[in-house]
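Asks: Chain order of the listed sequences is A and B. Under numbering that gives the first Met the number 0, the first sequence has 174 at position 175, and the numbering climbs by one with no breaks. Under numbering that gives the first Met the number 0, the second sequence has 174 at position 175, and the numbering climbs by one with no breaks.
Just so you know, the hints here were simulated from the structure itself, not pulled from any lab data. As the structure is a prediction and not an experimental result, all values here were calculated from the model. Be a bit skeptical, because a hint or two may be false.
Partial list, derived from the structure: chain B residues whose beta carbon lies under 10 Å from chain A [what the hints assert, rightly or not]: (1) 67; (2) 69; (3) 70; (4) 80; (5) 180.
Where chain A lies over chain B, by a calculated footprint (3+ residues, C-beta under 8 Å) [to be verified]: (6) 32-45; (7) 106-115; (8) 164-176; (9) 190-200.
Note that the Cβ used here is the ideal one computed from N, Cα and C, for glycine as well.
One letter stands for each residue in the lines below.
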Amino acid sequence: MNKFFTKKISIICLIFIPIIFLWHPNWLGFLGVQPYWPLFWLLPWSMLNGSINGLIFGFFLGLILDSITVDNSFTQIPGLLLCGIWFGRIKIHGDFLVGHFRYGLICSLGSFLCGTLYFMQILVKNFSDSTFLLFIPSIKNIFAEVFLTGFLAPLICSKLLKLFRFSRVKSIKINF
Amino acid sequence: MFNIRRISTSRWWHKKKSWILFSILLFLIFVRITKGSIYKDFYYFISKPFWPGHSQKDLLLKSFNQEYLIKLNLLKKDNIRLREILNLQESSNSDSILAAVISRKTGSWWRQIILNKGSKDGVEIGSIVMGPGGLLGRVESTSFFTSTVILLTSPESKVGVWMDRIQISGLLIGSGDDSPNLILYSKDAEIKVGDFVSSSPASTLLPPNVPIGIVQSIEKPFQAKKTAKISLLAKPQAIDWVQIFNLKI
């Protein structure tokens with residue numbers, strides 16, 4: 000049993016992302032906004048397993064998160080797909096401090112990309128009603144999310160990367 | 000004569016990894032089709048020890064008394080109008096379901112709450128959800144144990160509302176922040192800060208005269224439309240208990 004958990008730790012972490020996404024703890028929020036949780040898992044996973052794996056699991060994550068949110072007209076898949084590909088091209092940095100700083104910066108940019116793509120979908124959907132201008136003030140959601148994601152990423156991503164590296168030899172690695 | 004023979008026959012279906020990937024994909028399709036109900040039901044069980052206590056019910060009842068006073072005034076006026084207009088939708092408060100909020104996403108783009116009552120308790124898609132103060136939103140999907148409510152602040156929410164003081168209908172649009180926007184399709188509508196907004200008496204989606212909010216600020220008219228920010232009476236970020244009403248249409 001213990002061996003099983005060691006081998007599959009990355010997949011077990013993936014399963015718990017939607018639970019954290021639903022949990023939405025208020026004490027961790029900033030302006031009522033939460034960090035973009037899926038990026039914390041996707042960054043170390045893609046860095047270790049490459050762009051193709053990043054793309055596949057970005058798509059999987061998007062599917063699950065779209066399923067548990069009630070917004071049927073908008074999707075998180077494009078943002079997570081692009082982040083998966085991009086994160087897969089990033090190499091692990093040797094320097095402790097620079098490495099940690101990079102996680103924060105990369106996750107912030109990823110969160111900005113995902114938030115902007117989602118926001119664009121809202122604007123495009125409401126463009127025909129000419130009510131899209133009403134949505135402009137909600138752009139603060141993106142910036143609050145970028146700040147929080149970048150703030151927490153060094154802490155969470157470095158721990159997850161260590162964990163995934165530890166279990167990497169026996170974990171599922173999909174090569175195409 | 001050469002005997003041509005394949006030394007190894009490696010196909011993708013011989014790889015264990017391909018089957019693992021295929022089964023993950025099947026599972027995700029299942030999650031997608033069931034709208035994540037397996038996750039919501041799982042979340043129901045693991046969050047059970049942390050649900051709000053029963054003392055919240057007393058606070059809820061006090062708030063409902065205040066709300067009923069506002070409703071009473073509205074109903075008196077509505078009664079006069081009903082003598083002239085027929086075929087208004089009936090709503091009954093007798094078949095309400097009390098539910099606790101087990102997941103709350105009130106920030107960012109996803110503005111929804113998940114309640115601990117689902118299809119087994121008789122919750123239906125389209126039922127309205129009210130908290131202390133007024134309307135919170137509508138039930139968008141249900142699983143066996145839970146129901147997901149799309150809040151009035153969600154970018155997907157659009158409901159018809161009624162401005163009682165100036166006797167005019169408008170459209171309440173969620174915009175992804177805490178104050179939804181009210182659109183009045185008349186440039187000359189004389190709305191004021193502090194005006195009361197309720198559900199439309201002629202609505203087919205909502206019961207009539209449900210308190211919704213108060214005008215917080217008014218913007219300049221644009222393209223023969225007047226827009227205003229609405230402060231909701233029911234605060235989804237602070238409510239732990241809600242009532243679900245199944246509509247009789």
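Asks: What hint numbers does the structure not satisfy?
Replies: 1, 2, 3, 4, 9
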